[in-house]
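Visitor: Sequence:
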Amino acid sequence: MTGADYLLPFRTKLRSMRTESFGADPAGARMERIRRSPHFVDGVFQNPVGARTRPSGSTVEFAKIYFHKEQRARRTPTGTVPVHATTLADLAAPPATGLRLTWMGHSSVLAEIDGRRILFDPVWGERCSPFPFAGPKRLHPTPLSLAALGPVDVVVISHDHYDHLDLPTIRALAGTDTVFAVPLGVGAHLERWGVPTSRMHELDWNETATVAGISLTATPARHFCGRGLRNQQHTLWASWAVAGPEHRIYHSGDTGYFPGFRDIGAEHGPFDATMIQIGAYSEYWPDIHMTPAEGMLAHLDLQGGRPHGVLLPIHWGTFNLAPHPWAEPGEWTKDAGEEAGQAVAFPRPGEPFEPAGKLPAEAWWRAVSQPIANPWRRPRGAESVAETSRGDMDLAGER
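With my numbering, the residue at position 313 of the sequence shown is 315, and numbering never jumps.
Worth flagging that the hints you see were computed from the coordinates, not collected in a lab. Cβ atoms here follow ideal geometry from the backbone N, Cα and C, with glycine treated the same way. Please note: incorrect hints may appear among the correct ones.
Unchecked claim - The following label-pair restraints were derived from C-beta to C-beta distances:
{"no.": "1", "residue 1": "G45", "residue 2": "T78", "range": "35 to 41 Å"}
{"no.": "2", "residue 1": "E248", "residue 2": "R194", "range": "35 to 41 Å"}
{"no.": "3", "residue 1": "T178", "residue 2": "P309", "range": "35 to 41 Å"}
{"no.": "4", "residue 1": "Q234", "residue 2": "P134", "range": "21 to 27 Å"}
{"no.": "5", "residue 1": "E285", "residue 2": "K139", "range": "22 to 28 Å"}
{"no.": "6", "residue 1": "P373", "residue 2": "R194", "range": "23 to 29 Å"}
Please work from the sequences and hints to get the whole structure.
Guide: This is the structure in structure tokens:
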């Protein structure tokens, strides 16, 4: 008997413990399509720019920071997060300008664009975890129930991490008539959870699907995938460029900064609004999440290098996923927007706004957060975000 024989029963037990929330691995025709992708090399999906997907630095030092009592306190609000109270009533009438965005928290956004309704990365669950009893828990409730949201034309998923692809939410949406647009391989999860393949558009980077007159293009991102201990990198991650007859919007999903934003903007922009990840960043994983300064730079790249449209910060305020203070992403993004001369919307969770109308601008998080140190602020006369050259960015994957 070999060592591998001893391991076999343990592996079998692990597979049997893989609950439905872990999803499913791509197989059959889906896996054959994955193997044909130009972005699938050496048995895994590759990033457009080299990226370290595992935390760098000392695990011990990270643990000291993450579990330090004072630091933990800074990562949660000091009071009740002010969720918008009249979301349902505000959504009853169509947007006057043809484009309205409603941030539901984290990366979940309802986009009403040219008469259609698109729901990005919907997460209505209490925890972003495979288990209902453990894992990061919501810091505020959802602004309204999923059932109250009403019909949605298409649900767009950026990748299969738990804070973007939520089993109870997808299962609820599977019982409706909505269509799903997902990156290549992610359809295996949805199929296991009851979504028929006839209602899926499963796309590789730079592929486009058209739903109800709206084009949805999966565009590159710098991230990774996985829902279990055995992360095979067999499902793709993506950002999304969405275009209607009159408006264009962009959702970043999760991504580190990379030069490809300029290419995406040249091909699909400029955008009336971008939804950009600006939270859950850390020096321990600089390649796969952006700081607010990098998020601002990404927005400017997408807009051809100049302030244009409106930036909606996402991926912050709802789950505690990184060592930085809870409200720091909002404060830093506010500074970055003022520095760049770029319009930024700061809605409370559930507060609809129209990018062509009056933007929510109040720093609402200050009432429920501890003081923020603002370590990013530079002396007067320092180079602004808008003037920062992409060539000066220190991309860790290229060191």
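Visitor: With reference to the structure, classify each hint as holding or not holding.
Guide: Going through the hints against the structure:
1. Restraint check, G45 to T78: a C-beta distance of roughly 40 Å satisfies the suggested window 35 to 41 Å.
2. Remark: the range hint 35 to 41 Å for E248 to R194 is upheld by a beta-carbon distance near 37 Å.
3. Here the CB-CB span from T178 to P309 is close to 38 Å, well matched to the stated 35 to 41 Å.
4. About 25 Å separates the C-beta atoms of Q234 and P134, a value consistent with the hinted range of 21 to 27 Å.
5. Separated by about 25 Å at the C-beta atoms, E285 and K139 satisfy the suggested range of 22 to 28 Å.
6. Distance hint for P373 and R194: a CB-CB separation of about 46 Å, inconsistent with the stated range 23 to 29 Å.
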